[in-house]
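Chemist: Spelled out from the first residue to the last, the chains are:
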Amino acid sequence: DAGITQSPRHKVTETGTPVTLRCHQTENHRYMYWYRQDPGHGLRLIHYSYGVKDTDKGEVSDGYSVSRSKTEDFLLTLESATSSQTSVYFCAISGRGIEQYFGPGTRLTVT
Amino acid sequence: AQSVTQLDSQVPVFEEAPVELRCNYSSSVSVYLFWYVQYPNQGLQLLLKYLSGSTLVKGINGFEAEFNKSQTSFHLRKPSVHISDTAEYFCAVSPQGINSGYSTLTFGKGTMLLVSP
Numbered sequence: 001d002a003g004i005t006q007s008p009r010h011k012v013t014e015t016g017t018p019v020t021l022r023c024h025q026t027e028n029h030r031y032m033y034w035y036r037q038d039p040g041h042g043l044r045l046i047h048y049s050y051g052v053k054d055t056d057k058g059e060v061s062d063g064y065s066v067s068r069s070k071t072e073d074f075l076l077t078l079e080s081a082t083s084s085q086t087s088v089y090f091c092a093i094s095g096r097g098i099e100q101y102f103g104p105g106t107r108l109t110v111t
Numbered sequence: 112a113q114s115v116t117q118l119d120s121q122v123p124v125f126e127e128a129p130v131e132l133r134c135n136y137s138s139s140v141s142v143y144l145f146w147y148v149q150y151p152n153q154g155l156q157l158l159l160k161y162l163s164g165s166t167l168v169k170g171i172n173g174f175e176a177e178f179n180k181s182q183t184s185f186h187l188r189k190p191s192v193h194i195s196d197t198a199e200y201f202c203a204v205s206p207q208g209i210n211s212g213y214s215t216l217t218f219g220k221g222t223m224l225l226v227s228p
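If you read the sequences in order, they're chains B and U.
Number 42 in the numbering used here belongs to position 42 of the first sequence; there are no gaps in the numbering.
In the numbering used here, each number is its position in the second sequence, counted from 1, plus 111.
Treat the hints as calculated values from the structure; they're not laboratory data.
Every value quoted in this text rests on a predicted model; they were computed, and no experiment measured them.
One or more hints might be untrue.
[To be verified] Calculated cross-link-like contacts (lysine-lysine; reagent style DSBU-like; alpha-carbon spacing at most 35 Å):
id: 1; chain 1: B; residue 1: 11; chain 2: U; residue 2: 180
id: 2; chain 1: B; residue 1: 57; chain 2: U; residue 2: 180
id: 3; chain 1: U; residue 1: 180; chain 2: B; residue 2: 53
id: 4; chain 1: B; residue 1: 11; chain 2: U; residue 2: 160
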């Protein structure tokens, strides 16, 4: 398995609070991605990174920001969480190949 | 832009029976194709991929898929399923001709395979 961890694995938070999810990889892969998974929607790309301090928006980026200060860490921040951001969040990485490898996910509930 | 349609949201099947999970895609450029599997409460695991060459691709756990360019399809098959194959399966595509290592995956909405005794 690719060395990808996500923290926390579960989180419950209140509407309006800031939340940061962390993705950590030990593969030294250049590319990292954040997705959200919702029933009936499959996975949708939120943001991705193509290097340290290099990030770009995906399909559903509104309400989210990201940062990557080190190759191994990619942070996803919800500045002010809303109930519509209740979801399962997955981090993925890719390196020499085209395929992406996924972390175990973070289940976020916004009440 | 690409889009992926998985025609069945659920496929119930008995153990040891064959199964086919259907995937069709739309794209104005050539694509790479992938199938991922997600077991309950886990992340996605790559089952198989088509990048080039033979259109019949074999993956892990006895699964295989066939790329049909004229039909824009990439159906997943297994000749005999097990209870342990119960999971959600996702088809995904990525456009060709981009930087090595970087891909923009577009996913289908998933097909839940339910294997019963």
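Chemist: Among the hints numbered above, which are violated by the structure, and what are their numbers in rising order?
Modeler: 1 and 3
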